[in-house]
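Student: Listed here are the chains, written in short residue letters.
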Amino acid sequence: MRHSSNDAIFRIPWPAYVVAALVAAGVTFSVLYLFYPVLSDTMATRAILHANDGRWNALYHAAPVVPGAEPLPRSSPDILYTFAPIALSEDPLLLEVELRDDPALHYWILSVFAPDLSTLFVTDDVDAPGKTRRKYAFVAPGVSRERADPEATLVELPVNKALLIMQYVPASAADRGTVDEMRRRSRLYELWMKL
Amino acid sequence: MNDRGSSRVPLHARAVLEAMVLTVVSLAAGVAAGIGLFFYVLDGSGGVSNGAWSSYDGESSSQMALDALAHHAIYEIGQGRAWQWTTSTDSEGEPLDRQRHYRIVSKALPARFWSITLYDMEDRLLPNEWKRYSVTSRDVVTEPDGSFVVDVSPTILTRASNWIASGATPRGDVSFLAYLRMYSVAPGRDPAATDLPTIVRLPD
Numbered sequence: 001m002r003h004s005s006n007d008a009i010f011r012i013p014w015p016a017y018v019v020a021a022l023v024a025a026g027v028t029f030s031v032l033y034l035f036y037p038v039l040s041d042t043m044a045t046r047a048i049l050h051a052n053d054g055r056w057n058a059l060y061h062a063a064p065v066v067p068g069a070e071p072l073p074r075s076s077p078d079i080l081y082t083f084a085p086i087a088l089s090e091d092p093l094l095l096e097v098e099l100r101d102d103p104a105l106h107y108w109i110l111s112v113f114a115p116d117l118s119t120l121f122v123t124d125d126v127d128a129p130g131k132t133r134r135k136y137a138f139v140a141p142g143v144s145r146e147r148a149d150p151e152a153t154l155v156e157l158p159v160n161k162a163l164l165i166m167q168y169v170p171a172s173a174a175d176r177g178t179v180d181e182m183r184r185r186s187r188l189y190e191l192w193m194k195l
Numbered sequence: 001m002n003d004r005g006s007s008r009v010p011l012h013a014r015a016v017l018e019a020m021v022l023t024v025v026s027l028a029a030g031v032a033a034g035i036g037l038f039f040y041v042l043d044g045s046g047g048v049s050n051g052a053w054s055s056y057d058g059e060s061s062s063q064m065a066l067d068a069l070a071h072h073a074i075y076e077i078g079q080g081r082a083w084q085w086t087t088s089t090d091s092e093g094e095p096l097d098r099q100r101h102y103r104i105v106s107k108a109l110p111a112r113f114w115s116i117t118l119y120d121m122e123d124r125l126l127p128n129e130w131k132r133y134s135v136t137s138r139d140v141v142t143e144p145d146g147s148f149v150v151d152v153s154p155t156i157l158t159r160a161s162n163w164i165a166s167g168a169t170p171r172g173d174v175s176f177l178a179y180l181r182m183y184s185v186a187p188g189r190d191p192a193a194t195d196l197p198t199i200v201r202l203p204d
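Protein chains in written order, with the numbering used here: chain A, 1 to 195; chain B, 1 to 204.
Simulated from the structure, these hints should not be mistaken for laboratory data.
Even glycine gets a Cβ: it sits at the ideal position worked out from N, Cα and C.
Any given hint could turn out to be false.
Said to hold, decoys possible - Covered stretches of chain A (in silico footprint by chain B; criterion: 3 or more residues with CB under 8 Å from a CB of chain B, positions within the stretch not fixed):
| # | segment |
| --- | --- |
| 1 | 13-25 |
| 2 | 28-34 |
| 3 | 56-69 |
| 4 | 101-113 |
| 5 | 169-177 |
| 6 | 184-191 |
Stated by the list, open to error - Computed beta-carbon distance windows for the label pairs:
| # | chain 1 | residue 1 | chain 2 | residue 2 | range |
| --- | --- | --- | --- | --- | --- |
| 7 | B | Trp130 | A | Thr153 | 38 to 44 Å |
| 8 | A | Val23 | B | Asp204 | 50 to 56 Å |
| 9 | A | Leu34 | B | Arg138 | 41 to 47 Å |
| 10 | A | Leu49 | B | Lys107 | 38 to 44 Å |
| 11 | B | Trp130 | A | Tyr60 | 40 to 46 Å |
Just need the whole structure built from these sequences, with the hints factored in.
Tutor: This is the structure in structure tokens:
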């Protein structure tokens with residue numbers, strides 16, 4: 001059967017379909033590449049907030065990690081986790097942690113991550129061995145240093161929203177209770193609440 | 001009859017329809033390929049490798065690699081100070097299998113605290129009746145020079161102090177991940193040049 005010249009107008013050569021497919025693939029890849037960080041930030045923050053009943057600037061002491069009750073993917077059964085999704089305003093956010101120089105506590109580390117997983121701040125027992133009580137003042141970009149508690153270690157964060165994680169390693173399973181008590185004495189509050 | 005039926009549709013209309021269908025199909029194929037390529041690149045991007053282990057250290061990893069971790073809400077990297085290594089293969093490159101017996105052999109690890117924990121491919125602990133999910137520097141039995149040997153097997157071994165249970169086979173999925181945490185790593189260490197444990201499969 002022969003096609004008329006009118007039909008030929010509507011017949012697209014096959015390389016054009018290949019080009020269209022390649023362009024679609026490229027555009028799709030580029031869009032995902034550009035917007036995925038936003039999407040993943042949202043998902044990660046949502047996961048943490050879900051664990052913390054949707055509360056910002058409040059400490060959440062996760063139960064000891066056992067199969068089927070992991071607070072986050074790849075949680076460690078040897079570590080007690082305390083989380084806080086933090087949202088900084090014009091007031092410094094103060095964290096007071098009690099890290100008794102106690103043989104029950106084998107190791108601790110405090111980290112603050114941006115939602116995109118960049119590490120903003122990290123400290124552990126190697127930085128200040130022996131001290132029992134530590135105070136950190138987290139401040140948002142542009143907040144005056146004078147507003148922070150002078151006793152606190154000032155931590156300037158380049159973002160307004162972040163995730164704070166304290167990890168406590170008890171010296172043994174039998175020491176979990178002691179360490180759990182210790183971490184529950186930690187406090188997180190905006191400075192204006194204290195004045 | 002077909003010829004008679006099709007002859008009712010003008011030929012140019014058929015050509016248009018054909019072109020539209022092919023266009024939609026090629027665009028759909030392109031979008032699917034773009035999505036597939038993105039996640040392929042995402043899963044394989046960035047990180048540091050050392051033997052069978054790979055790591056995201058927060059400094060040298062690409063933002064895309066970090067995004068991949070953020071997507072899974074895995075928030076355990078710490079700049080330089082804490083290394084997190086993961087592998088789903090033994091040192092020969094063979095996938096880790098819960099039904100097999102492995103031996104983890106290591107020199108002393110240069111960290112204030114370390115642990116090796118096993119997870120399934122969805123990042124969950126491997127349940128087992130002995131509650132042996134990990135070994136740590138806190139309780140592993142080492143040689144005087146700090147080196148150690150840890151066994152991984154589905155059933156209990158005599159040397160229980162240095163043993164992790166790979167658990168019962170669940171729903172046919174036998175693969176698993178080994179995850180090495182190293183906290184307060186000695187400063188100045190190069191992650192790619194540090195001796196990490198080897199994972200050797202033992203004969204059945």
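Student: Against this structure, judge whether each hint is valid.
Tutor: Hints, one by one, checked against the model:
no. : hint                            : result
1   : 13-25                           : holds (count 8)
2   : 28-34                           : holds (count 4)
3   : 56-69                           : holds (count 4)
4   : 101-113                         : holds (count 5)
5   : 169-177                         : holds (count 3)
6   : 184-191                         : violated (count 0)
7   : B:Trp130 - A:Thr153: 38 to 44 Å : holds, 42 Å
8   : A:Val23 - B:Asp204: 50 to 56 Å  : holds, 52 Å
9   : A:Leu34 - B:Arg138: 41 to 47 Å  : holds, 44 Å
10  : A:Leu49 - B:Lys107: 38 to 44 Å  : holds, 41 Å
11  : B:Trp130 - A:Tyr60: 40 to 46 Å  : violated, 30 Å
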